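Asks: Here our numbering runs 188 ahead of the position in the sequence shown, where the first position is 1.
Check each hint, because a few of them may be wrong.
Label-pair distances were calculated between CB atoms; the ranges are [what the hints assert, rightly or not]:
hint, residue 1, residue 2, range
1, GLU397, ARG483, 14 to 22 Å
2, GLN480, ARG410, 26 to 34 Å
3, GLY482, ARG285, 38 to 46 Å
4, PRO394, ALA310, 27 to 35 Å
5, GLN527, LEU234, 38 to 46 Å
6, ILE289, GLN527, 46 to 54 Å
It should be emphasised that the hints constitute simulated quantities derived from the structure, not laboratory data. None of the values given here were measured: they were computed from a predicted structure. Backbone N, C-alpha and C fix where the C-beta goes; we use that ideal spot for every residue, glycine too.
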Amino acid sequence: MLKFMHNKRFLILLGALLAVLALGFALFGRSKAPNPLPDTTTRPALTVTVTLPQQLDWPKTLAASGNIAAWQEAIIGAEISNYRLTGVYANVGDLVRKGQILASIDQATVASEHDEARAAVAELEATLVEVRANSERARQLRERGFFSPQQSTQSITAEQTAAARLRAARARLEAASLRMARTRIVASDDGIISARAATVGSLTQPGQELFRLIRHGRLEWRAEVTAAELAALKPGLVATLTAPDGQTLTGTVRAIAPTVDPLTRTALVYVDLPPAGSGMLGSGMFARGEFQLGRQPALTLPQAAVILREGFAYVFRLEDESGATARASLTKVTTGRRQDGRVEIIGLAADTRVVASGAGFLADGDIVRIVAEPAGKAAQ
């Protein structure tokens with residue numbers, strides 16, 4: 189009986205083992221069954237539009253920067269010293285005319301000197317009249333033999349001495365008149381007052397600056413350009429500057445400096461600007477601008493077609509076009525001028541088809557699907 193139970197248990201274990209083996213063979217056979225064929229077609233990475241470079245006639249410009257300065261700035265001061273200012277009649281920003289009174293000096297001392305010189309002239313004029321009368325009388329008496337030649341010479345000498353003294357006195361009177369006129373400090377030319385140091389009650393000093401005047405209100409842009417760029421510039425060219433408020437104004441190249449700074453390797457170009465006082469630009473400002481060098485054809489692409497990667501410009505050129513799909517090949521290009529949302533491209537053939545939209549999401553070698561541009565964009 190015991191032997192029969194052992195045999196029965198052995199048969200059960202053997203049956204379980206055979207069942208496990210059968211299940212393993214079934215699973216192994218299923219794994220070895222042939223798989224379906226893989227999809228060998230590559231799906232497009234992105235749907236894009238395509239464009240061709242467009243030839244446009246664009247203006248050629250040269251960018252530069254520099255300071256705004258006065259064309260000529262005159263320093264106005266007092267021509268007599270140690271006199272007190274009694275009035276100041278001009279302020280910074282005032283438009284003045286040549287000869288207009290800007291300030292006045294106390295005239296009391298100068299007026300007394302002028303009156304003294306005038307009195308001295310009157311006295312010497314009377315003396316000269318008397319001496320001339322005596323000299324004429326002496327001449328007549330000498331002709332009659334009453335005067336000796338020595339006495340006649342003395343009368344002539346006295347007349348000449350009196351005349352010389354009168355001329356000296358008149359010169360002193362003229363100097364006093366000039367000093368009197370210089371008690372009024374006037375504008376040396378038409379222009380705009382750019383600085384004022386004069387204050388009522390202060391004493392005038394030799395060489396002291398009281399006012400600074402921009403002659404005729406003329407400003408100039410002193411643009412700095414490199415030595416290599418000088419050859420493209422000449423007097424008469426138009427320059428366009430942008431004011432801090434965004435407005436633009438134009439000027440004309442007046443002169444080009446004949447020397448180049450040996451340290452910076454730059455030269456100055458002097459551009460005449462509209463008169464000061466317009467509020468757009470002022471002396472001392474820093475400004476950027478462009479010189480208009482004429483017009484030149486440019487091969488252009490939409491700005492969206494040009495991408496920047498690692499500091500370089502690239503476009504995606506289409507290759508291996510097959511129906512509505514193609515391969516996008518990353519191509520390095522050089523950019524130039526920019527205008528109205530387009531970029532000048534250098535180093536690309538005019539018949540090259542490039543990705544117009546979506547270029548920023550592509551990688552080199554991606555397969556793309558090509559669609560037509562909307563009618564509105566195509567017209568642009």
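Asks: Hints first: check each against the structure and report whether it holds.
Replies: How the hints compare with the structure:
Taking 14 to 22 Å as the suggested C-beta distance range, the pair GLU397 and ARG483 does not conform, at roughly 48 Å. The hinted range of 26 to 34 Å is not satisfied by GLN480 and ARG410, whose Cβ atoms lie roughly 18 Å apart. Between GLY482 and ARG285, the C-beta spacing of about 41 Å keeps the proposed range 38 to 46 Å intact. For PRO394 and ALA310, the Cβ-Cβ distance of about 33 Å falls inside the hinted range of 27 to 35 Å, so the restraint holds.
At about 28 Å, the beta-carbon gap between GLN527 and LEU234 misses the expected band of 38 to 46 Å. Our hint of 46 to 54 Å for ILE289 and GLN527 holds, since their Cβ atoms are close to 53 Å apart.
In summary, the structure is inconsistent with hints 1, 2 and 5 from the numbered list given earlier, while agreeing with the others.
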